[in-house]
Amino acid sequence: MKINLNNKEVSMAGESFSVRELLGLMHFTFPMIVIKINGRLVKKEDYERVFIGDGDNVEAIHLISGG
Amino acid sequence: MKSKLEKLKGICVGIAGCGGLGSNCAMALARAGIGTLVIADFDVVTLENLNRQYYFREQVGQKKVLALKENIRKVNPDIDVQTHDVLLGPDEVVDIFKNCQVIVEAFDRADMKLMIIETVTERFPDKFIIAGSGLAGYGENNALRTRRLGNLFICGDETSEVSEEMPPLAPRVGVVACLQANQVLEIVLDDLAPADGDDVWDE
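Line order of the protein sequences matches chains A and B. Each position in the first sequence, counted from 1, maps to that position plus 1045 in the numbering used here. Each position in the second sequence, counted from 1, maps to that position plus 297 in the numbering used here.
Here chain A stands alone, though its shape is the one from the complex (with noise of 0.2 angstroms):
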């Protein structure tokens, strides 16, 4: 499947991702991510039963401690 991650089209071997498995393959380590699929929002404890299919759009930014 394509999908489009933060403007940049990603091809991943598979059908769908759990929000979870995804930020695991892209490496997205921080422990807080801001995550939208197309253009809603996914709350933290969502992440194992919201799934990512083909052509979806998906942004994800680190929010970072420090204020």
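Keep in mind that the hints were calculated from the coordinates and are not lab data. Heads up, some of the hints might be wrong.
Covered stretches of chain A (in silico footprint by chain B; criterion: 3 or more residues with CB under 8 angstroms from a CB of chain B, positions within the stretch not fixed) [as the list claims (entries may be wrong)]:
1) 1066-1077
2) 1084-1096
3) 1102-1112
Computed far set for chain B versus chain A, every beta-carbon distance over 12 angstroms [stated by the list, open to error]:
4) Glu-303
5) Leu-344
6) Leu-347
7) Lys-360
8) Pro-374
9) Val-378
10) Gln-379
11) His-381
12) Val-383
13) Gly-386
14) Asn-396
15) Gln-398
16) Asn-439
17) Asp-487
DEER-style ranges, computed between Cβ atoms [stated by the list, open to error]:
18) Ala-1058(A) x Glu-367(B): 54 to 64 angstroms
19) Gly-436(B) x Asn-1102(A): 28 to 38 angstroms
20) Leu-347(B) x Asp-1099(A): 27 to 37 angstroms
21) Glu-345(B) x Asn-1052(A): 30 to 40 angstroms
22) Glu-1054(A) x Glu-483(B): 25 to 35 angstroms
23) Lys-306(B) x Glu-1093(A): 45 to 55 angstroms
24) Tyr-1092(A) x Ala-467(B): 35 to 45 angstroms
25) Asp-388(B) x Asp-1099(A): 36 to 46 angstroms
26) Ala-1058(A) x Val-357(B): 50 to 60 angstroms
27) Glu-483(B) x Asn-1051(A): 19 to 29 angstroms
28) Glu-1054(A) x Val-357(B): 44 to 54 angstroms
29) Pro-491(B) x Asn-1051(A): 36 to 46 angstroms
30) Leu-486(B) x Asn-1083(A): 24 to 34 angstroms
Every residue, glycine too, gets a C-beta built ideally from N, C-alpha and C.
Dock chain B against the given chain A, drawing on the hints supplied.
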């Protein structure tokens, strides 16, 4: 432009956290002429805060919300400053900021940043939230930027984490705080439309 700026008097902005980001962002918005600022923090001013936060020596030990209100009103006594001395959780965020047109995330901890982004997106799908992420250290001017994801704006370099070797310092913290304040002005003065269907996933 002058008449356009008049509009700011009728605007209410919420600021969640009054540390390096919140205190500097609030002062920038106060000087620009925002009419109402709702500020929230549970902490007191310490000596260590003075390397980047908009407080003064004699305010050490004071509640941050009260010290910041005092500093804002020294610049402009006409601003309505509403203070909330509280540790914010989802319920407090909804209650305290419900009348604000824009909310600025100015927490220190990343888990708190995520909490308020989730809460505002879920409970206030038509409100903008402007968060800060990545501001530690010095230099790297051009790494500091703003990214928009629907109703969420993220200001910072998205990478630099605070540590012993990379403390938060006034210049970079101030730049990010002012990126946030500048984004508030653009949203308000240019009437940016909230993104359609920008809410949380629930199925």
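Verification of the supplied hints:
Only when three residues or more bring their CB closer than 8 angstroms to a CB of chain B does the claim for the stretch 1066-1077 of chain A stand; here the count is 3, and the claim holds. Coverage of the stretch 1084-1096 of chain A by chain B holds in this model, with 8 residues showing a Cβ closer than 8 angstroms to a Cβ of that chain against a need of three. Coverage of the stretch 1102-1112 of chain A by chain B holds [criterion: at least 3 residues with CB-CB distance below 8 angstroms; count 8]. Non-interface call for Glu-303(B) relative to chain A: holds, since the shortest CB-CB distance, roughly 31 angstroms, exceeds 12 angstroms.
No Cβ of chain A approaches the Cβ of Leu-344(B) within 12 angstroms, the least distance being about 18 angstroms, so the stated non-interface status holds. Every C-beta of chain A lies more than 12 angstroms from that of Leu-347(B), the closest at about 16 angstroms, which supports listing it as non-interface. Listed as outside the interface, Lys-360(B) is consistent with that label: its C-beta sits roughly 18 angstroms from the nearest C-beta of chain A, beyond the 12 angstroms cut-off. Non-interface status of Pro-374(B) relative to chain A is upheld: no Cβ of that chain comes within 12 angstroms, the nearest being about 28 angstroms off.
With a least beta-carbon separation of about 20 angstroms from chain A, Val-378(B) lies farther than 12 angstroms from that chain, consistent with its non-interface assignment. Non-interface status of Gln-379(B) relative to chain A is upheld: no Cβ of that chain comes within 12 angstroms, the nearest being about 21 angstroms off. With a least CB separation of 17 angstroms from chain A, His-381(B) remains clear of the 12 angstroms interface cut-off, as annotated. Listed as a non-interface residue, Val-383(B) keeps its Cβ farther than 12 angstroms from every Cβ of chain A; the least gap is roughly 17 angstroms.
No beta-carbon of chain A is positioned within 12 angstroms of the beta-carbon of Gly-386(B); the least distance is around 15 angstroms. Its beta-carbon lying about 23 angstroms from the closest one in chain A, Asn-396(B) satisfies the requirement of being farther than 12 angstroms from that chain. The claim that Gln-398(B) lies off the interface holds: its Cβ sits roughly 20 angstroms from the closest Cβ of chain A, which is beyond the 12 angstroms cut-off. The Cβ of Asn-439(B) lies farther than 12 angstroms from every Cβ of chain A, with a closest approach of about 18 angstroms, so its non-interface assignment holds.
With a cut of 12 angstroms on Cβ distances, Asp-487(B) stays outside the contact zone with chain A, its closest approach being about 21 angstroms. Taking 54 to 64 angstroms as the suggested C-beta distance range, the pair Ala-1058(A) and Glu-367(B) conforms, at roughly 60 angstroms. Between Gly-436(B) and Asn-1102(A), the C-beta spacing of about 33 angstroms keeps the proposed range 28 to 38 angstroms intact. Distance hint check: the CB atoms of Leu-347(B) and Asp-1099(A) are about 53 angstroms apart, inconsistent with the given range 27 to 37 angstroms.
Hint check: Glu-345(B) to Asn-1052(A), Cβ distance near 39 angstroms, so the stated range 30 to 40 angstroms holds. Between Glu-1054(A) and Glu-483(B), the C-beta spacing of about 30 angstroms keeps the proposed range 25 to 35 angstroms intact. A hinted range of 45 to 55 angstroms for the beta carbons of Lys-306(B) and Glu-1093(A) is consistent with their spacing of about 47 angstroms. For the pair Tyr-1092(A) and Ala-467(B), the beta carbons lie near 36 angstroms from each other, so the given range of 35 to 45 angstroms is met.
For Asp-388(B) and Asp-1099(A), the hinted distance range of 36 to 46 angstroms is satisfied, since their beta carbons lie about 39 angstroms from each other. Remark: the range hint 50 to 60 angstroms for Ala-1058(A) to Val-357(B) is upheld by a beta-carbon distance near 58 angstroms. For Glu-483(B) paired with Asn-1051(A), a C-beta distance near 22 angstroms keeps the hint of 19 to 29 angstroms intact. For Glu-1054(A) and Val-357(B), the hinted distance range of 44 to 54 angstroms is satisfied, since their beta carbons lie about 53 angstroms from each other.
Separation of Pro-491(B) from Asn-1051(A) is about 22 angstroms and departs from the stated range, judged on CB atoms against 36 to 46 angstroms. The given range of 24 to 34 angstroms is respected by Leu-486(B) and Asn-1083(A), whose C-beta atoms sit roughly 29 angstroms from each other.
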